[in-house]
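Student: Make the complex out of the two chains shown on their own, each in a separate frame, by following the hints.
So the protein sequences, as listed, match chains A and B. The first sequence runs 1 to 365 under this note's numbering. The second sequence runs 1 to 418 under this note's numbering.
These are calculated hints, taken from the structure and not from any lab test. Treat the hints with caution; some may be incorrect.
As the list claims (entries may be wrong) - Taking lysine to aspartate or glutamate and the DMTMM-like style, the derived pairs with C-alpha atoms no more than 25 Å apart in a straight line are:
1) A/306 <-> B/292
2) A/306 <-> B/211
3) B/9 <-> A/307
4) B/291 <-> A/307
5) A/114 <-> A/34
6) B/309 <-> A/65
7) B/309 <-> A/133
What follows is each chain in one-letter form.
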Amino acid sequence: MYSFEPNEEQQMLIDVVSKYAENDLRTSSNENEENKELPKKLINKGWELGLLQASIPESYGGFGERNAVTNVLALEEMAYGDLAGTLAVLTPSLFATPILLAGSEEQKKNYLPKIIAGEWSPYTAALIEMSFDFDPNALKTTAEIVSDKIKLNGTKAFVPYAKEAHEILVYANLNGVTQGFIVPKDAVGLSISEEREKLMGLNALPMYKVELRDVMIPLSNRLGGASGHDFELILASLRLGSASAALGVAKSSFEYAKNYAKEREAFGVKIAQKQAVAFMLAEMRTEIEAMRLLTWEAAWKLDNNKEDVCVSAYLAHTGAADMTMMVTDRGVQIYGGHGYIRENPVELLMRNGRGFAMLLGLAIV
Amino acid sequence: MTIEFETPKPIVNQQVMLKTVAENMMRPISREFDENEHEIPWSYVEFMHMAMKAAGGGGGLTVTEKPQEGDEKRPPIGYQKLAAQIEVLAWGDVGMYLITPGGGLGAAAVAAAGTPEQKEKFLTRFNSDIPTYAAMCMTEPGAGSDTSAIRTRAVLDEKTNEWVINGEKIFVTGGDKSFTHYEKLGKGFIVVWASIDPTAGRAGMRAFVIESGTAGVKINKLEKKMGIRVSDTAAISLVDVRVPFENMLGSATVEKNNTGFRGAMATFDATRPLVAASGLGVARAALEFLKEKLEENGVKIRYGLPRQKLSNVEREVIDMEIMLKSAWLMTLKAVWMADNKKSNALESSMSKVKAGDVTTKITQKAVEILGPIGYTREFLLEKWMRDAKITDIYEGTGQINRLVVARNILGYSGKELR
Chain A
1 MYSFEPNEEQ
11 QMLIDVVSKY
21 AENDLRTSSN
31 ENEENKELPK
41 KLINKGWELG
51 LLQASIPESY
61 GGFGERNAVT
71 NVLALEEMAY
81 GDLAGTLAVL
91 TPSLFATPIL
101 LAGSEEQKKN
111 YLPKIIAGEW
121 SPYTAALIEM
131 SFDFDPNALK
141 TTAEIVSDKI
151 KLNGTKAFVP
161 YAKEAHEILV
171 YANLNGVTQG
181 FIVPKDAVGL
191 SISEEREKLM
201 GLNALPMYKV
211 ELRDVMIPLS
221 NRLGGASGHD
231 FELILASLRL
241 GSASAALGVA
251 KSSFEYAKNY
261 AKEREAFGVK
271 IAQKQAVAFM
281 LAEMRTEIEA
291 MRLLTWEAAW
301 KLDNNKEDVC
311 VSAYLAHTGA
321 ADMTMMVTDR
331 GVQIYGGHGY
341 IRENPVELLM
351 RNGRGFAMLL
361 GLAIV
Chain B
1 MTIEFETPKP
11 IVNQQVMLKT
21 VAENMMRPIS
31 REFDENEHEI
41 PWSYVEFMHM
51 AMKAAGGGGG
61 LTVTEKPQEG
71 DEKRPPIGYQ
81 KLAAQIEVLA
91 WGDVGMYLIT
101 PGGGLGAAAV
111 AAAGTPEQKE
121 KFLTRFNSDI
131 PTYAAMCMTE
141 PGAGSDTSAI
151 RTRAVLDEKT
161 NEWVINGEKI
171 FVTGGDKSFT
181 HYEKLGKGFI
191 VVWASIDPTA
201 GRAGMRAFVI
211 ESGTAGVKIN
221 KLEKKMGIRV
231 SDTAAISLVD
241 VRVPFENMLG
251 SATVEKNNTG
261 FRGAMATFDA
271 TRPLVAASGL
281 GVARAALEFL
291 KEKLEENGVK
301 IRYGLPRQKL
311 SNVEREVIDM
321 EIMLKSAWLM
331 TLKAVWMADN
341 KKSNALESSM
351 SKVKAGDVTT
361 KITQKAVEIL
371 GPIGYTREFL
381 LEKWMRDAKI
391 TDIYEGTGQI
401 NRLVVARNIL
411 GYSGKELR
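Bound-form chain B, shown alone (with noise of 0.2 Å):
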């Protein structure tokens, strides 16, 4: 081992053409696609699910690695491509990065605690002509982050061996797309988290794969939404609905144990930098957006000054990139870690915690820096603050990352830390 940030060859590449696609596919309809809420940009959809299955990346945005040749082994950067995709990605737009096709979260929840046979049935739709999408189902009215507070429930059916699941969620990204039927989006499904022993708290708790079209199943709104209007988010009820005993994820027997929650937190320990990386795209785009308008009107930075003889534009901006820059490689470190098996539960909450700090500061700053500039829907910067906001929402909101960051460095556990 040892310290080095030179961005690998892969990953340059790969910047350079999401760089085109960002300028060409999203930027020019990203005001559209924000002023006509749950519009569906199939334009990008279709172009994107193409090119990744082209790219041979079939399944969406995932981690891929190419099969190495020779003996010659390198490491392994398939987090570190994923993250560096999604921060170019988020760049062109966010909200349309959190619609590109494949199955997201669902997926995820699929490949971490399936069987192979799971795995077999549910991930190979994601390869299919047509775009397909999958969503996860957490939240509920009553249960955000404490997602041991989740009340939805699941009941064998043991005469026709079918779980039975009652219960609402809300805030399911991709919703829509991965449940209602679109003439040009392949088949997906929902992933709902639910309880088969309330009295067992989160050792209770199981994933259960809903295919699209399954009765009981009501999408009943579309959220209307400060920022990411293009993605939608949509509040399910599920009454009574039925699906067959093997779309449960995992084993039947509720020990006294959280193994089945865990996967689930795993999963976040994995996601949170790359959620990092997508507000750190968006705050990306408004820091280069500010400096250019600066620019335009005569303003340059003199970097190496010392603060006293900086005007107070200088200094915001200089301290802009000192946060965006420590964010990013917050973020590389994390994923790194992540890609050689290193646990990074510290430094994925971390990467977090900063990026949703830095992201909405950005964002926000910019706009007041450029005035009626920054305020007007004639440019995207006023767009891009109220996208940056989700950066310190989901996947944990500021806080609990803190906590979580907390609890790791003083060696706390949650009862401890409340």
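Excised from the complex, chain A in its bound form (with noise of 0.2 Å):
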């Protein structure tokens, strides 16, 4: 069967979110960026929302079981708010959701009950490294197992709340192979930069440079336990995450465009009016809803064991990074020199729309 609606619980869920994006996040989204801060009152308010809490099984916590095609409509509703306020609110599961997929029954219980008891607590991961031609199944950060230990070596860049996390789950190359491994954060040189993260965009969101050198872990402490796991599908379930995000502001930046062009007047008409502006709002709308189809059948493929998946997940991920460039980049167009102002919206959501396409691993579905 085909189908292309949200079923009744995706629909509640939906409306939940789209209000918090809209009365929390969206209003609040330029004062933060300016501020350089999330409050905490935000992000919790975020986090009781339940998304994570709904992924995990009860059995570990929780009160339901993970499905990445809910994940995808609550993040792409999500980031329509804000990108910095939803990456945060979801951090947890940059930890959380990878042990799910893969991690040890002892991992599991271990993290999983504590990490969605309560309010938001900072569990992070580090995958994205300082490189031009960052390849997450090519890792520069190496792992070698000595022993009955293992010794992780590398820089990590761009990792979230680095430096309040309790746990960091680090990839690293282990033979030519991804894997994650469980970072305490007082393991013995593991340092955490002082200064944030200064990027383009997302400069509310606190993240850091994260450097190992030498760090010695328990083989326990391998995502998976000391066999290790398939890096595939998490790797997977983070390009999708990258995916929907995109959706969410590329959303965003077309909804201010389009109501900006309705009221905008120019030679005695609205700008919407004139073609070469309608077009581009046409096309806008078109590549969205694209993306937004891809994205949606490859998490769908993720639920229910698709060979292809994978293939998928990684098209989905790169058309829509493609698509949120184009998107916001026109969003910022149609207003016009206000467009350049920093206090119109669109400005930022272009700067958020250019790292798509490097900003893998900073959301999860």
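Tutor: Put into structure tokens, the structure is as follows:
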């Protein structure tokens, strides 16, 4: 069967997330970016919507089952409000979801209940590295098995909340294969940059460089236990996280531009009545829809264990990243000079929009 | 409702079957009928007519639903099936798909706007033993996408109770097969759009069924085209053509509304995603051929690598795949909405915008990437590029469809956004 409508449960969730995105995130987005800060109250309110909690089974303290399609819908809706805020609210998922997907029973029991009980708490993951050809399947950070321990070396970039994190899931290259490793904050040889990362966008989200110099962790801290895990499906989930957030950012810019074009007058008509502008909007809307369906399909494949899910997730992520750059650029263009002024949200949306080509590992479904 | 992407069983089965048809009945003669424009591939025409009749879907490629047994009600998938059929046939040869016997747009107009008597009179013929065609005549030399500018006139001769029609029609797909007498074809008809009251604008527009062989109708020429050459495109003149009063579809009184015209436009909501599907079949053929040739030459697409590590050719192919897959999903969504009686004006136009874009881009890029192999007539790729271009033109150009999309998302009328 083909079907293109969220079910009742998903729709209810979308409505709740949409309220938060509209009333809390969207209204504070620019202020947070300028202040380079996200209020804890804001994050906690988003956390209480229970997106992660609903992905974790009851046996680990949650109240549901992970469903990638549902998470894609929720992520788009939340990112529509604000990207930095969304990534902050969902930072603990970067640690918890891979454990749910690939962790050993012991790791699940140990971490999942703790993470989702009570308020938002900082657990995070480190994937990105500072090189032009950063490739999640060919990491430069290395892991080495040394008798009954694992030795980690390398530098990670753009790690959200690394400074306050209790534990960090560090991805490293073990004999040519990417594997996750749970690194506690007090590990010897682990250092976190004093200064926060300064990026083109996403300045409200505290991110850090994480350096690992001969960090030794027990074998049992390898994701999945001593024998490790499959990285493919985690990567597909990360790609779809990025793709869905990209959809939300694009939709936000499109909505702002559409409303502005219907207000702004030039030569006696609204600029939306000019085909030059109307066609831009039509193409923005069309491309958002195209990449949304591609993302939905890949997420559905993830939920249904389809063979080609990894290629689908890769295509959805690649396409959504391109689309979001195009749409957010046009958002600024339709605002004209006003689009270039930071008090207008389309400005930040374009800076954030560029990020999806490299921000892999900051969102997961 | 839910979100699901499992291809329904009946569609999968049908795709397998039609792929055999495409590979055995279409591809082998594709080149021959491209080189010999206006020849009729009888083998395909007769085979398809027989096959469709045997399958119980007489009347050509139309929405069919098997009656459902028992209490178990499955949601309708007629349009989805049709879109999938068209995609595979177009993958075989889109020009040939266009001459699949049946009533086509002419019959669709009768089905949409005709009375029960009219449907009985005009539509049963498509179930007969020999292939039969019908065509729609809308476009005129001075009226393309702006169909309200149509000049063809129909005047009622009250003495004989006949309509007298005068005008010029062009770009009539299948016009020749619908009107000219061929021994191997049944008696078809053309549906001509004309005004019964030029002062009323669109409200005065009506459709008239003109039977094959009616005096005063002349096929002036068959256009020589860039592609889809096996499909005939006729220019027709109508001089004092007389048809019985009851051959007019809809009501003869002109009211201050455009229901007649809206009917025509509503047909487009249903047919645009089908045109999208036909384009995407061609695009898929081109992309598959490209990948095959690349692989023969040792180029494998390394999915999963960051762009920075990919070759330019790999990047192009990956982008083409993104375009093709997403456009197909948009088409599916539009027909799924039609099946489920959801208003799909926006989605159907978006699918056509997207399909027009990606079909032309994919085929043109594929020719470019393959260089001489793309440009030579030794292979079909160059033909597919020529065939593909029509996708962005007929059933509303990409620009017209952008206008429809824009009006929809902005909530503007035709007056507010011209």
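Student: Give a verdict on every hint.
Tutor: Taking the hints in turn, this is what the structure says about them:
no., hint, in the structure
1, A/306 <-> B/292, "holds, 24 Å"
2, A/306 <-> B/211, "violated, 53 Å"
3, B/9 <-> A/307, "holds, 18 Å"
4, B/291 <-> A/307, "holds, 20 Å"
5, A/114 <-> A/34, "violated, 33 Å"
6, B/309 <-> A/65, "violated, 37 Å"
7, B/309 <-> A/133, "holds, 7 Å"
Checked against the numbered hints listed earlier, the structure breaks hints 2, 5 and 6; every other hint is satisfied.
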